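K.L.:
Chains as they are written, first to last, in full-length UniProt numbering: chain A, 1 to 333; chain B, 1 to 333; chain C, 1 to 369; chain D, 1 to 369.
Hints listed in this document are in silico derivations from the structure and should not be mistaken for laboratory results.
Bear in mind the structure is a predicted one, so any value in this text is a computation, not a measurement.
The beta carbon of each residue, even a glycine, is placed where N, CA and C say it ideally should be.
Mixed in with the good hints, there may be bad ones.
[As the list claims (entries may be wrong)] The calculated label-pair distances, taken between Cβ atoms and stated as ranges, are:
| # | chain 1 | residue 1 | chain 2 | residue 2 | range |
| --- | --- | --- | --- | --- | --- |
| 1 | B | 58 | A | 28 | 54 to 64 Å |
| 2 | D | 82 | B | 59 | 19 to 29 Å |
| 3 | B | 328 | D | 358 | 14 to 24 Å |
| 4 | B | 30 | A | 173 | 53 to 63 Å |
| 5 | D | 344 | B | 11 | 48 to 58 Å |
| 6 | D | 355 | A | 211 | 27 to 37 Å |
| 7 | B | 41 | D | 276 | 53 to 63 Å |
[Said to hold, decoys possible] Take a look, some chain B residues computed to stay more than 10 Å from chain A by CB distance:
| # | residue |
| --- | --- |
| 8 | 30 |
| 9 | 187 |
| 10 | 197 |
| 11 | 235 |
| 12 | 263 |
| 13 | 304 |
| 14 | 325 |
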Amino acid sequence: MSGTTSANAAKLTIGKAVNAGLRRAMEADPKVIIMGEDVGRLGGVFRVTDGLYKDFGADRVIDTPLAESGIVGTAIGLAMRGYRPVCEIQFDGFFFPAANQTFTQLAKMRARSGGRLRLPVVLRIPYGGGIGAVEHHSESPEAYFAHTPGLRVVTVANPVDSYWMIQQAIASDDPVVFFEPKRRYYEKAEVDTSAPLEAATPMGAARVARAGTDLTLLAYGPMVKTALQAAEADTDHSIEVVDLRSISPVDFATVCASVRRTGRLVVAHEAPLSSGLGAEIAARVTEDCFYALEAPVIRVGGFDTPYPPSRLEEHYLPDLDRVLDGVDRAFAY
Amino acid sequence: MSGTTSANAAKLTIGKAVNAGLRRAMEADPKVIIMGEDVGRLGGVFRVTDGLYKDFGADRVIDTPLAESGIVGTAIGLAMRGYRPVCEIQFDGFFFPAANQTFTQLAKMRARSGGRLRLPVVLRIPYGGGIGAVEHHSESPEAYFAHTPGLRVVTVANPVDSYWMIQQAIASDDPVVFFEPKRRYYEKAEVDTSAPLEAATPMGAARVARAGTDLTLLAYGPMVKTALQAAEADTDHSIEVVDLRSISPVDFATVCASVRRTGRLVVAHEAPLSSGLGAEIAARVTEDCFYALEAPVIRVGGFDTPYPPSRLEEHYLPDLDRVLDGVDRAFAY
Amino acid sequence: MSVTHEEPELIQLLTPEGELVEHPDYPLDLSAEELRGMYRDLVLVRRIDTEAVALQRVGELGLWASLLGQEAAQIGSGRALRPQDMAFPSYRDHGVAWCRGVDHKALLGLYRGVTNGGWDPADHGFHLYTIVIGSQALHAAGYAMGVQRDGALGDDGTAVITYFGDGATSQGDTNEAFNFAAVNNAPVVFFCQNNQWAISEPMERQSRVPIYQRAAGFGFPGIRVDGNDVLACLAVTRAALQNAREGQGPTLIEAFTYRMGAHTTNDDPTRYRVSAELEEWRRKDPIARLHSHLSRTGRADDAFFAAVEAEAEELGERVRADCRALPDPEPLDLFDNVYADPHVRLEEQRAGYADYLASFDGVGAEGGR
Amino acid sequence: MSVTHEEPELIQLLTPEGELVEHPDYPLDLSAEELRGMYRDLVLVRRIDTEAVALQRVGELGLWASLLGQEAAQIGSGRALRPQDMAFPSYRDHGVAWCRGVDHKALLGLYRGVTNGGWDPADHGFHLYTIVIGSQALHAAGYAMGVQRDGALGDDGTAVITYFGDGATSQGDTNEAFNFAAVNNAPVVFFCQNNQWAISEPMERQSRVPIYQRAAGFGFPGIRVDGNDVLACLAVTRAALQNAREGQGPTLIEAFTYRMGAHTTNDDPTRYRVSAELEEWRRKDPIARLHSHLSRTGRADDAFFAAVEAEAEELGERVRADCRALPDPEPLDLFDNVYADPHVRLEEQRAGYADYLASFDGVGAEGGR
Ligand SMILES: Cc1ncc(C[n+]2csc(CCOP(=O)(O)OP(=O)(O)O)c2C)c(N)n1
Ligand SMILES: Cc1ncc(C[n+]2csc(CCOP(=O)(O)OP(=O)(O)O)c2C)c(N)n1
Ligand SMILES: [Mg+2]
Ligand SMILES: [Mg+2]
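Go ahead and model the full structure; you've got the sequences and the hints to work with.
P.N.:
Rendered as structure tokens:
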């Protein structure tokens, strides 16, 4: 804790902020349990669950067998028994074995039960590229989840949101997929951990991260930092940056309000462009703000290829220049 | 065979046309094999593989264990050994156990191998609702596939395409997901089975199914029939209907050419609206035809809820009236 | 290195001829009244089933998955459960539902298409039917892990059971559930009704060896029981549940039985199986053998059988009437219960669809649709 | 109903002290030259591995998964393969790659991030490394089904082998592969390197019983072999492959070994395991025991050992140089090989990106990026 901050404020990285949020949720409710591969003694491959096994024991921090379907499937059973499991999927690319349990069971079970069942399960998924990893460790699968009714999908871009939103996700009686921007795990900021959870911005709300008047630049998760940098870099225009935070449902009220002010929208994400989240945002914003738009919504995304070997990832991932190119394209109208 | 048709033309349903296409592909190439649950003696729950087990034997028509991941995973191995497996996923809702093998293996393996491997695997998936079925038997998961680089995704709306496109899918050296509109299995048309495969319209091409001048109505699979009915029903306007056929990649050349003529686009599908294929089409068409559009692209789709019990499906599925409502909304601009 | 394929031991307490046999590991001492109670269960669930098939034929149900032939496996195991126990069924387990006090209306509602669920799992200790094969086995394992964490084991503790078919043993999820249960020593009984068929695929397409043997590979006991013997099913399940309760971990029970009907009302089994097989199994009918035992031993008289018949008759009538009376859901129900907390997109879609429906008002008597 | 947990038999042909022992089922008669050849294999793959770890430390590789301690399991099984056989590896199987003639450059390329594959599976009878745990077991089962369909069985037939770890046995796919192989009697050997750890999770979190026992539950033989004994690994794998070749179906081999290094260069095993364990296994080092056998029996002399050392030294240098010389892919390679046939969207994206890159030309020396 830095000496210049208040007793309850701390300079935390995104990783440590999620860790602190998990700890607070576990302290507040004995039904909160952690499960996944290597989340126990190791504290997770990114150390996001560091220390929890030691302090809460093997009954509440469960090193599971190596089986993602098993993790989500048993989490559903635990939730039916009254627990609030927080599952770690070790990497984005290893989610897919759990697709059936997530999409046909977790997402639909409340509706199936006519509202009799609550499924307060959180899936934490470190996602995105840019860390020089081997295959399957750099995926951005959020659109699959956004297209699945019954799930809530959120992501974070800074330590403050990380600390609060993980607690909100755990507190929600709906299943929440919580995407963590792995290449930003070490970004630091001051987090005031003394506030009550109720005072935090709702996890469903988008946030204007930088005010501007000429163009709205929308990003989420790891791309928010890039978007802010792009906004700074473009000294010719006043660019408003919106941090989406909630991927499903999208807070279109905030997004459209911004677009109505600026008249232009660029959306950036790492996931493949086609049928990515940018498509939904472009489609919906165009419908809602048709007469306000001076240009079509411009999407900047990963290419429609498998995530490449790491020596090519700087070309695959939208960087500052590609985002600025998108901005230029929007201003070309 | 009807007496009024030529020797090689037959009145076929969509189901029988796929069956005839499979048979022709199996006759032409001994490496083509069929695999799935109940595809053998039973001929599949929709009888699409009827008679093939009897005529080609258990080595080429394989009743697999009840395990979708196993089906796709072993099909990959068979493809590596030089076979061309055509896998039946019994119903749309049962695809998800195979998501890992499909999305992380089948779709990426050619790229992973630097082009050294060919993966000529076809996944046939009967999809969509409207048949009064219980849960998981009425899903429209095509957007998950459209967002996955490395796959080709097609669907059919009539017996002629069914006959040819299944053969094209099998002939392709890329993995192809072949969606069959189950509620249209019994739609009939004359199919001239004498033509050479090379003469058929490429499976990647969209088709103008009905010419018109005032608005483009785009649909695919089961919704094409509804779209054509809507076009007929709207006697106030001249509506052009485009049958998409290829879901990934989308033939935007044909789609945009139509939109540039008409100035308006309505897209209809059964899948949940949010992040559905309509989003990609709206986003892309708006970018390409910004100045040609008189109205935003209007999407008509399923609601963002799990597919409901069958007594509600008529409300869930976009029907004639809902499509016409979309058309009205487009003309309101 | 070799694997022995011995003919599996089949636990049996009641022969097809209706004679009681003793088994050292499974002593069972039922009163005549209890035996009559189980007979009544068997007859009544078969009656519900028969009616449901008929209701499908006349279009009152969209589909039905018949339990015909599997009554003993379901009633035997279902009656072994205690109120605090939790069952995770598949889609054909109407006999277990009966034991758990789930009203036939709820089952009919599912297959009629007025609901995808229809009862409160907590109220009945009976989860919703699960259609995606294998999925529920993991839910059961997880629930059992919760029971452990609640400290709810012991003599009067809670046990969990999950039901699935022979085909389901091929599914990755089922095997992952075996392993999660084994590794965690979770109090769960895996009850596999091996009815010889997975739609059109015979047992041999799903497993090279008898299914109960799978358990040993994961490190817990597996046992094969005569699935048409309601007493053996009761005794074996009771023992396995008690082991679970007492912290001895999972058991796999393979109830060796037969699907006497079609897979579902959509299916045509004449395409893939011979009638001789069916004939053979008819001779092992689970109801006939208890009937024969009861009447031969004088544990039930004609009046009792007549009374059960009459009750079945009356139940059948109720089933028919109740089914027809099931109300259709309201259109806007579509948007209910998808989420627990308010959801901006669904609220918007609900409002939009309400307006849309209202726009037809006055257009025609039927609201224009 | 009970399961016996006997201490598993561990096939061993060479003791940790370097003494040969005979096993009735696995006679093995290797010439001194063959033994020396295997020693050389072990030393050289360890050298590649050591260099790779060092290259990662200096930033030349993004990651490396070390095989340290598992050389015998990989060389023994790898040398049992015939040219026509096909292997489906995981991501740590550099010793098998060595046996299959895959150049170290290809392996380094993968972990350097210049490719996700790097060799032609058909050329080497060695599929690409598979990272998503369990997936390759199904590919192997399917490939073996293809071998059956080709009629390529028999004495000189083709066998298939797939490699995975102890953790992988928990994955649904692995179990589905066991079952597909069993039901189809496919010619595939499942080779599990039980190195006691799945990253930080010890064996007990993955299975309640020794892994080789899993096979019996699916109806095929399972066997546990001393994974640090290159001779036992060779003999047992050879036998299993021959059974497969001859149409006797699958075998599961559990090679009982130890991951002497970190899971990967990213991992810090001091967080979860004690050094005493490592010490114990060091005494069973697979290379030391063959060294001791060769020198004790006079089957190799100092000159031989010196020559192998020199060769390793030279190889080490080559590995370092080759790694540094690996060319980065070109930006537009991104779009290659995603599809076999032309793809309208990718062509468009390729052209767009080419234009975009060109737009930086002249902006700065480095193209502005
Ligand atoms: C994952 C999945 N795949 C396919 C199906 C379609 N299906 C429904 S029942 C069935 C056969 C099930 O056989 P079994 O497990 O033996 O149970 P039974 O129907 O005989 O009771 C199949 C393939 C499904 N429901 N779920
Ligand atoms: C499906 C999947 N989940 C998680 C991972 C991350 N992961 C990589 S290696 C590993 C442990 C593997 O253990 P084991 O199978 O014993 O093989 P070993 O690494 O010990 O050789 C994990 C969890 C993965 N690669 N794939
Ligand atoms: Mg069955
Ligand atoms: Mg291991």
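K.L.:
Over 10 Å from every CB of chain A: does residue 30 (chain B) meet that, or does the non-interface label fail?
P.N.:
holds, 31 Å
K.L.:
Do the beta carbons of residue 30 (chain B) and residue 173 (chain A) sit within 53 to 63 Å of each other?
P.N.:
holds, 56 Å
K.L.:
Would residue 325 (chain B) pass as off the interface with chain A, using Cβ distances and a cut of 10 Å?
P.N.:
holds, 14 Å
K.L.:
Are all C-beta atoms of chain A more than 10 Å from that of residue 263 (chain B)?
P.N.:
The assertion about residue 263 (chain B) holds, with a minimum of 13 Å to chain A.
K.L.:
Is 48 to 58 Å respected by the C-beta to C-beta distance linking residue 344 (chain D) and residue 11 (chain B)?
P.N.:
violated, 34 Å
K.L.:
Taking the minimum C-beta separation from residue 235 (chain B) to chain A, is that value above 10 Å?
P.N.:
The assertion about residue 235 (chain B) holds, with a minimum of 26 Å to chain A.
K.L.:
With 14 to 24 Å as the target window, see if residue 328 (chain B) and residue 358 (chain D) comply at their CB atoms.
P.N.:
Given range 14 to 24 Å: violated, Cβ gap about 46 Å.
K.L.:
So is residue 304 (chain B) really clear of chain A, every C-beta pair being over 10 Å apart?
P.N.:
violated, 5 Å
K.L.:
Over 10 Å from every CB of chain A: does residue 197 (chain B) meet that, or does the non-interface label fail?
P.N.:
holds, 27 Å
K.L.:
Taking the CB of residue 82 (chain D) and the CB of residue 59 (chain B), does the distance hold inside 19 to 29 Å?
P.N.:
Holds, at about 24 Å.
K.L.:
Looking only at beta-carbon atoms, does the pair residue 58 (chain B), residue 28 (chain A) fall within the given range of 54 to 64 Å?
P.N.:
The hinted range 54 to 64 Å holds for residue 58 (chain B) and residue 28 (chain A), with Cβ atoms some 59 Å apart.
K.L.:
Does the no-contact call for residue 187 (chain B) survive, Cβ to all of chain A over 10 Å?
P.N.:
Given a closest Cβ separation of 28 Å, the condition holds.
The structure fails hints 3, 5 and 13 (numbered hints given earlier, in ascending order).
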